[in-house]
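Participant: As a plain string of letters, each chain reads:
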Amino acid sequence: MRWKPVGDKERVKATLRRAPRVLFEDLTAPADPLPDMGQPGWPVWRPVFGMLLVICATFLTVFYVNEMSPGDGGGIPKYGVLGFAQGAALVAVMFRPVSAWWASTVLMVVTARLSEPDMSRDQLFPWSVPGLALQCGALFLLALRVPPRRAAGALVITLVAGLSCTLFTTTPHNYVIYRSTPVLIAAVVLGASLRGLRVARTQLVVQEELTAGERARRTLLEERNRIARELHDVVAHHMSVISIQAQVAPHLVENPSDELRENLAGIRQNAVEALTELRHVLGVLRSEDALSQGVRHTPQPTLDRLDELVANVRAAGLTVATATTGAPRPLPPGVELSAFRIIQEALSNAMRHAPGAQVRVETAYGTTGLTVRITNTAPDGAPARSQSMGHGLLGMRERAAMLGGELAAGATPDGGYEVTAILPVSAPALAAESAEETP
Amino acid sequence: MTTIRVLIADDQVMVRQGFTVLLNAEPGIEVVGQAVDGLDAVAKVAELAPDVVLMDVRMPVLGGIEATRRITSAPDARVKVLILTTFDLDEYVYEALRAGASGFLLKDASVEELARAVRVVAAGDALLAPNITKRLIVEFSRMTAAPRAPLKDRIGDLTERETEVLSLIAQGLSNAEIAQLLVVAEQTAKTHVSRILAKLGLRDRTQAAVFAYETGLVRPAGY
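First to last, the protein sequences are chains X and V. Counting in my numbering, the first sequence runs from 134 upward without gaps. Counting in my numbering, the second sequence runs from 10 upward without gaps.
Read the hints as simulated data drawn from the structure, not as lab findings. The model shown is predicted, which means the values in this text are computed figures rather than measured ones. Worth double-checking, as some hints may not be accurate.
What the hints assert, rightly or not - To give an idea of the chain V side of the interface with chain X (calculated C-beta under 8 Å), a few residues:
{"id": "1", "residue": "31"}
{"id": "2", "residue": "72"}
{"id": "3", "residue": "96"}
{"id": "4", "residue": "117"}
{"id": "5", "residue": "120"}
{"id": "6", "residue": "124"}
{"id": "7", "residue": "128"}
From the three backbone atoms N, C-alpha and C, an ideal C-beta is built for every residue, glycine too.
Given the sequences, and given the hints that come with them, work out the whole structure.
Facilitator: Shown next as structure tokens:
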């Protein structure tokens, strides 16, 4: 589609039509909220800044009123009220930046108009030194809280207002518009720069929080990935046993019927298909660390291998006591695997964070499930806390949650640490589980 | 026809019993023992001297691959190891072949595949499951970046004909196929293969194929 030449003109017109509204919005829209100056653990700075501002405003007001009043002392009440209002406007900019700045500007014009006839040729006009300081202060505080474009607009308006005061004077004065322009600009630039710094810092904090969140989420996903991989692994081993058994079964009966053969062939077919799919899933889940040495040449562990695990930890120098209550029995492979991994993780945490401590591993077989509790006493030296603590805990929680169980972990009153996991086992699974399964 | 004596090493009793029943039902194959882990397998091989070991990869105490290494590195070891696994992981294959395994089979293979694998490995006159084994050997050669120099030197000991036969072995051809291709008697092809193995100090044609890929004699096609 081609634009007609008139399009440009239309666009300019539209922009011009929009300009007043944009300007109006710029100069009336609310400013940034007051930044939170109280960081955790630090004194809250806002009252201090407020106090300093009040002191400066008071000082400037007194100076300002004194400057404006003619030598004979006449008009003190009038200028006193105007000067006080100007000073109050400066303080108000801290709380309502946009409207207070407008008030300050209007007051400046009104004061200039009212005081103009009383002023001598030598006096600075339209603003005296303290008057300029009050304007600078208002602009600076505004620039701290609004985007630079809006601060620049305010600067222009201040200058135009000042200029307008000089148009209808009864006598010539010592005009300072041009001389004070750089000072006003400096106030706005300083304010805008400080605001830019603050915004950048805030964004950095937000970014850091996002990154931390991202990292936590990734850790969680990795943990879930690992858990899923192990469980699929266990399932795949069971599937391959099914496929073998389905082939073996016809050999176990004399003259198996065709129906039986067909049925068993169907079982085998299904198992092989399921295995193929499982291999695909595992291919997706498998990652570099999954095949770390030592893991890949040993089957997924069950609680049978708890003694082996404890022996390894003892060899690493930890004192470990074990206790089993209830009637030990084979549990579903998922429960055994999870229990083993939780104990393994808790022991490795104890090794890392509580060297020299005494560790106790309790396994309780209940009617509704398995409870494992790993406690360690306070470490010999200072406990070596590290970031990785949360990582292991996350995995343990996920494993317990996956089985519909619960996991609690925390410091004990004596300075040690305790991890308790309750892993439920549904009744049918208990009954169905055969006595010898080591996938 | 002599009976092929087989040892089954797997930590799951259902798997051991299952394979025992299946293989004993096959003519010419006899399961002479079972081992519950890698260490047990090493001991049983020494005790029973089987022709073929069916070896699981993941076993407690001692893994199947390490057990394979110990079994095949024994002096005068004639036993062939057939790795049985739930997963056809390339890494497993790489390590298994390097450890001296003669072949690789998935646990859910049919009884026909299983019996055929045992016979092929025992006879040593063909590569097991050329499709799979070739893919694995490709992986194997890809992972071993630099040809092992002492091995490469030994290729010079081969005659031109033997080098040709070696490259055909690596392509997965059986003795019969090699004989047909070179228009010689099968017995001649077999003699060539035996000479190659003897000259290179290799234990079977799987290892010869690995050697061929590793030394760069054969380049995997299409990779």
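Participant: Is the interface hint satisfied for residue 117(V)? The criterion is a beta-carbon contact with chain X at less than 8 Å.
Facilitator: Holds, because the Cβ-Cβ distance from residue 117(V) to chain X comes to roughly 4 Å (cut-off 8 Å).
Participant: Can we keep the residue 124(V) interface hint, with Cβ of chain X closer than 8 Å?
Facilitator: violated, 11 Å
Participant: Next item in the hint list is residue 72(V). Is there a CB on chain X closer than 8 Å to its CB?
Facilitator: holds, 3 Å
Participant: With a cut-off of 8 Å on the beta carbons, see whether residue 31(V) makes it to chain X.
Facilitator: Check passed: Cβ of residue 31(V) comes within 6 Å of chain X, closer than 8 Å.
Participant: Taking the least C-beta to C-beta distance, is residue 120(V) closer than 8 Å to chain X?
Facilitator: Holds. Min distance 5 Å.
Participant: How about residue 96(V): closest beta carbon in chain X under 8 Å, or not?
Facilitator: holds, 6 Å
Participant: Could you check if residue 128(V) really has its C-beta closer than 8 Å to a C-beta on chain X?
Facilitator: violated, 18 Å
Hints 6 and 7 from the list above are not met by this structure, while the remaining hints are.
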